[in-house]
Amino acid sequence: MTGNTEKIIKNYIEGVGSADVGAKNRAKEYDDALIKPPRSLGKLEDIAVKLSGISGRVKNWIGSKKILVFCADNGVTAEGVASAPVSVTASQAVNMTLGITGMSALAKNFGAEVVVVDVGVATEFPLTFDGKKAPIIDKKIRKGTGNIVCEPAMSIDECLCAILTGIEIAVGKDDGAEPGYIDLVGIGEMGIGNTTTSAAVLSAITGVCSDDLTGRGAGISDDAYDNKKKVINKALSLHGLTDACGKYVDDFEAVTDILSKVGGLDIAAMCGAFIGAAYSGKGAVIDGYISAVAALLAVKLCPAVSDYLFPSHVSTEPGYMLAIKELGLSPYLDLNMGLGEGSGCVLAFGVIEGACAMMNDMATFEGGGIDDSYLEGIR
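Residue numbers (this note's numbering): 152 to 530.
It should be emphasised that the hints constitute simulated quantities derived from the structure, not laboratory data. There could be a bad hint or two in this list.
As the list claims (entries may be wrong) - Mimicking BS3-like on lysine-lysine, the simulated pairs with C-alpha atoms at most 27 Å apart in a straight line are:
(1) LYS294 to LYS284
(2) LYS201 to LYS175
(3) LYS161 to LYS179
(4) LYS294 to LYS175
(5) LYS284 to LYS161
Please build the complete structure, drawing on both the sequences and the hints.
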């Protein structure tokens, strides 16, 4: 099964197209002609140009907006690395479908659809308030991962299955966006203990000391924080990943090896979702730390994915800035957020729509009756 799943994933990877450089250049020229001082709309201008690289058009509109939330539990929570019990993953997954979590409340306000996917939740889902089953997509690969301090998180086959699941969820079954529109997907997660696995994966991928990448997640005591760092180091040592810098760059087998040993089913599925979004020509919005690590893994597997990535906000987790720097991106918002779930993606949707409004509704200097010759030598 592993060989077939790997082949399907690699077929998707090969199908990801690179940005349309000509369209980006035309968009840049049009942006320079808009009735404003050069670069005065900052990152909105960068976003507009990137959208043109995806669509091949100078002007774009946003179609559907979805938050894909991949839910899974992590066996490493047995080591006391998180304050919340494992059951919170299942409870919050249900609450997301009810629109009462932080992310889903924002999504309702900004007109974004929330899609919740179970790829590895360990406990049973509670019923909704009216006694019904929540509309959670069942793609469960296993009930939580193994404890990474004493065993691999998952098998290679399970890892590949999770990646392929993420790809297929992001690609979807529709016929794509309407002509002239670009669909957006935000990639979020829910999984107690996943800042631990994210720090382990990022350390293994980059060779940076895991202590510098480890934060307090949803909140833990000083003693628990010290323990969390020790647990991550122990896991990396057990799996021979303490000096991986340079060894794993852009290598499919080795990247999936890291994921299977110290990662999580949520991270693997999110990695796949970034690939799937790029494959289907959607803009893929990164949330916080876990999402950024998953995006970095996707780019390691498929460099062309970077042409479709849009960061959202600065995460409070210390490893976030390394992950986003490795991606060559700069987040749009700094709101002291560390919730995860895809919450930052929802806010970024509005920023991206603002970039479209700039290109679609602003006049050019010529259209506004202003001689722009004074800008010669400034642009």
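Query - Unsatisfied constraints (hint numbers, rising) - result: Numbers 3, 4, 5 - these are the hints that the structure violates, sorted from lowest upward.
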